[in-house]
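Chains as they are written, first to last, in this note's numbering: chain B, 12 to 169; chain D, 12 to 169.
Keep in mind the hints are simulated off the structure, nothing from the lab. Take these hints with a grain of salt, some might be off.
[Said to hold, decoys possible] Under 10 Å between C-beta atoms, here's a sample of chain D residues computed to sit facing chain B:
| hint | residue |
| --- | --- |
| 1 | P30 |
| 2 | S40 |
| 3 | E91 |
| 4 | V94 |
| 5 | D96 |
| 6 | H143 |
[As the list claims (entries may be wrong)] Footprint (simulated), chain B over chain D, 3 or more residues, beta carbon under 8 Å:
| hint | region |
| --- | --- |
| 7 | 19 to 29 |
| 8 | 68 to 81 |
| 9 | 97 to 103 |
| 10 | 107 to 121 |
Positions of the beta carbon are idealized from the N, C-alpha and C atoms, including for glycine.
Number of protein chains: 2
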Amino acid sequence: MTRSPELDALDAYFLSMPPSAALGLRADSFDGQSLRLHAPLAANVNDKACAFGGSIAGVMTLAGWGLIMLKLKRAGIAAEVYVADSQIRYLAPLYDDLRARAHLPDDGAWATTVNCYRHHGRARIALDASMHDGTDAVVATLHARYAILPMTKAAARA
Amino acid sequence: MTRSPELDALDAYFLSMPPSAALGLRADSFDGQSLRLHAPLAANVNDKACAFGGSIAGVMTLAGWGLIMLKLKRAGIAAEVYVADSQIRYLAPLYDDLRARAHLPDDGAWATTVNCYRHHGRARIALDASMHDGTDAVVATLHARYAILPMTKAAARA
Chain B
12 MTRSPELDAL
22 DAYFLSMPPS
32 AALGLRADSF
42 DGQSLRLHAP
52 LAANVNDKAC
62 AFGGSIAGVM
72 TLAGWGLIML
82 KLKRAGIAAE
92 VYVADSQIRY
102 LAPLYDDLRA
112 RAHLPDDGAW
122 ATTVNCYRHH
132 GRARIALDAS
142 MHDGTDAVVA
152 TLHARYAILP
162 MTKAAARA
Chain D
12 MTRSPELDAL
22 DAYFLSMPPS
32 AALGLRADSF
42 DGQSLRLHAP
52 LAANVNDKAC
62 AFGGSIAGVM
72 TLAGWGLIML
82 KLKRAGIAAE
92 VYVADSQIRY
102 LAPLYDDLRA
112 RAHLPDDGAW
122 ATTVNCYRHH
132 GRARIALDAS
142 MHDGTDAVVA
152 TLHARYAILP
162 MTKAAARA
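Isolated chain B, as found in the complex:
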């Protein structure tokens, strides 16, 4: 897969924010329905030589956030995305780099969300993300809802 300008823009975004820069976060792939990110274990290791729970939560949360940002850009919508709530399950310690995937549900929820935003100027969407080890086993899951709101003037100028 050739690397798309969309992924490069997302990487630049992650690098521009101190907390995601500290995670060492990079975008791996985006297929229109799912986004993959990764972050090195070294920057996210805890006292037990495995990945810190807060980093696992942060990378999964940003996978969902980044997926919505890319989808909005493709839809020609300039909006801000905030995580509203999340449930996280930590299933096994991760002694490997952090590999996260977020994906939109296949039930037409995205079309509904876009429609809602265009009519009401705000919308919400729920999605799932997961964290994988080097063998692709799932070591953590996230279910989160995100709010999509109009850009503030300050953000629109940037």
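For chain B, the structure is supplied; the task is to place chain D on it using the hints.
Chain D only, in chain B's frame:
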């Protein structure tokens, strides 16, 4: 309140782990039942000039983790603490330093947890944490369960 060696030890712990060092995390106070932490906004700011959701989640998660570590130390138990699952609600954007509080329930759950660990060599405990802005308003909440497990040999040597 004079600063206790317990808080200094917790700070040293946070500094020793790359992800919590990146958060700029410091322990503020511990009264035996609750722990307060703070982290500067500058290290945790997102593209909207407010605190990154992943940092808010991480600081609240570590407030709960640190509280359990301090309680275990006072109980004379050398164990490892892992977050097992969490529910997070983001109530308002935070344009301020991150101030988190974790507190144990008042229902005797801690005594039960210690008893369980001493009899079975493992235990779980649920607790709540919250994130506050400079006016003390709650901007996010966390409910999380943590697993308390025997130290691995590697950790016991450290």
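Verification of the hints:
1. P30: holds, 4 Å
2. S40: violated, 21 Å
3. E91: holds, 6 Å
4. V94: For V94 (chain D), the interface hint holds, since the closest Cβ of chain B sits about 4 Å away, which is under 10 Å.
5. D96: holds, 5 Å
6. H143: For H143 (chain D), the interface hint is violated, since the closest Cβ of chain B sits about 18 Å away, which is over 10 Å.
7. 19 to 29: This one holds; 4 residues, not fewer than the three required, reach chain B with a Cβ under 8 Å.
8. 68 to 81: Contact hint for the region 68 to 81 of chain D vs chain B: holds, 6 residues under 8 Å.
9. 97 to 103: Three-residue rule met by the region 97 to 103 of chain D, so holds; n is 5.
10. 107 to 121: Violated - the region 107 to 121 of chain D has 0 residues with a Cβ nearer than 8 Å to chain B, which falls short of three.
Hints 2, 6, 10, counting from the list given before, are not met by this structure.
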